[in-house]
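Make a model of the complete structure from these sequences and hints.
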Amino acid sequence: MSGYRCIHIAGTNGKGSTAHYLANILKAAGKRCGLFTSPHLLKWQERIQIDGENIDMPDDFETTLYEGGYFINTAKLAYEVFEQAGLDYAIIETGIGGKKDITMMFEADIAVITTIGLDHADILGKTIDSIADQKAGIIRKNNRVYSHPQKMRAAGIIRDQAFKMRADLKELKKKQISHIRHDEDTILFDFSYQGKEYRDIKLSSIAEIQTQNAAVAFMVALDEGIDERAIRAGLLLPVMGRTEVFEDRIVLDVSHNEDSLKALKATIKNQFPKQHVTMMFAAQKTKDIKKMAPVINSFVDAIYLVELDDKRFYLPKDISRLFKNPKYLSGKGGALQSSFRYVEHIARNGILVVCGSFVLTGRVYPFISSV
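Under our numbering, the first residue of the sequence shown carries the number 1, and numbering increases by one thereafter.
Hint data in this document are derived by calculation from the structure and do not stem from the laboratory.
The reader is advised that the hints may include incorrect statements.
Label-pair distances were calculated between CB atoms; the ranges are [claimed, not checked]: (1) GLU184 to PHE61: 37 to 43 angstroms; (2) ARG348 to LYS269: 41 to 47 angstroms; (3) ARG166 to HIS276: 36 to 42 angstroms; (4) PRO294 to LYS100: 17 to 23 angstroms; (5) TYR342 to ASP60: 51 to 57 angstroms; (6) LYS173 to LYS269: 20 to 26 angstroms; (7) LYS269 to SER192: 23 to 29 angstroms; (8) LYS173 to LYS285: 18 to 24 angstroms; (9) ARG166 to ASP190: 29 to 35 angstroms; (10) PRO366 to SER192: 37 to 43 angstroms.
In the DSS-like style, the derived pairs of lysine-lysine whose C-alpha atoms are separated by at most 25 angstroms in a straight line are [as the list claims (entries may be wrong)]: (11) LYS175 to LYS43; (12) LYS287 to LYS202; (13) LYS287 to LYS265; (14) LYS43 to LYS174; (15) LYS269 to LYS43; (16) LYS175 to LYS196.
In this text, a Cβ means the ideal position worked out from N, Cα and C, and glycines have one as well.
Shown next as structure tokens:
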């Protein structure tokens with residue numbers, strides 16, 4: 001038995017944001033909190049944090065993580081680190097699945113299931129039912145369970161699993177979130193929970209989808225007895241790579257599937273109306289590019305497909321037929337910075353969006369002068 005309370009998070013979209021919001025809230029409340037997430041943006045140590053700080057391990061230790069499975073080894077390392085860290089809480093994000101995920105080694109007290117969609121179908125199955133079944137597998141006996149708004153079939157599977165496990169399920173309804181408004185680079189919204197209204201909750205984000213991730217974190221924290229002031233303070237901290245805006249015209253986002261791209265589209269349309277949209281894009285071969293491309297084509301005016309020095313990614317020439325008038329860029333080695341500077345100049349009279357994967361967004365991050 002671990003000496004800390006554990007919050008286990010599964011889902012297709014929103015896992016990382018919800019995990020970071022919860023970690024920030026708990027830190028603001030004075031709780032010692034471990035956080036395990038994936039993938040990382042800049043350094044592998046980001047995956048394992050305590051009180052908002054990356055674990056103190058050398059960069060070259062990463063080479064030892066590949067043998068036997070990178071994610072499996074980082075999860076095991078997180079387990080070992082957290083057992084010795086004197087934590088009050090650990091927040092654990094699953095990898096791709098749920099019930100068969102290595103993170104099931106953590107003895108969770110609370111389960112959170114974020115929005116479920118069609119992603120990683122080659123592993124989890126090609127239907128919402130099969131994917132939801134895997135995600136709902138993190139629900140343990142007598143857990144508290146929180147769910148984001150879900151498609152009808154996914155919601156039904158989560159309810160069935162919660163019933164079987166005699167778990168207390170609390171589902172966020174979209175109507176609990178109201179009066180969403182924007183104030184420069186922040187969002188304000190109102191939220192109702194258990195008969196009480198919480199007004200003017202502030203997020204350092206321009207993406208309205210983040211209100212759902214924040215609301216679920218708010219629910220969990222309230223039920224854990226966390227002070228409202230700490231919750232609000234934690235939610236105000238930004239989450240890296242989630243529709244971040246730099247210099248008023250560069251947007252970095254880790255959207256990497258159809259649903260997350262739809263959310264990105266809504267944000268761009270809302271926040272940058274009538275502006276020319278240029279995109280730098282790269283996606284892994286495991287992604288359903290045939291479903292992603294139409295979303296991109298529906299709001300992007302110019303797209304640059306980036307060739308990365310990573311065999312996991314599509315080559316631009318193999319997916320170019322799916323996009324409107326695409327151009328190619330080299331992202332190999334030092335060429336990525338030159339390519340970014342070139343597109344940044346081309347897009348100077350509009351906005352530039354970088355998305356498609358954590359890898360591309362993370363590699364571009366250091367090129368932003370305001371970071």
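Status of the hints after comparison with the structure:
1. GLU184 to PHE61: 37 to 43 angstroms: holds (40 angstroms)
2. ARG348 to LYS269: 41 to 47 angstroms: violated (21 angstroms)
3. ARG166 to HIS276: 36 to 42 angstroms: 55 angstroms Cβ-Cβ, so the 36 to 42 angstroms window is violated.
4. PRO294 to LYS100: 17 to 23 angstroms: violated (32 angstroms)
5. TYR342 to ASP60: 51 to 57 angstroms: Given a distance of about 32 angstroms, which is not inside 51 to 57 angstroms, the answer is violated.
6. LYS173 to LYS269: 20 to 26 angstroms: With a Cβ separation near 25 angstroms, LYS173 and LYS269 satisfy 20 to 26 angstroms, so the hint holds.
7. LYS269 to SER192: 23 to 29 angstroms: holds (27 angstroms)
8. LYS173 to LYS285: 18 to 24 angstroms: violated (37 angstroms)
9. ARG166 to ASP190: 29 to 35 angstroms: With Cβ atoms ~33 angstroms apart, the hint holds.
10. PRO366 to SER192: 37 to 43 angstroms: holds (41 angstroms)
11. LYS175 to LYS43: violated (38 angstroms)
12. LYS287 to LYS202: Not OK: LYS287 and LYS202 at ~33 angstroms, beyond 25 angstroms, violated.
13. LYS287 to LYS265: Cα-Cα ~18 angstroms, so holds.
14. LYS43 to LYS174: Outside the cut-off at roughly 35 angstroms; violated.
15. LYS269 to LYS43: violated (32 angstroms)
16. LYS175 to LYS196: holds (14 angstroms)
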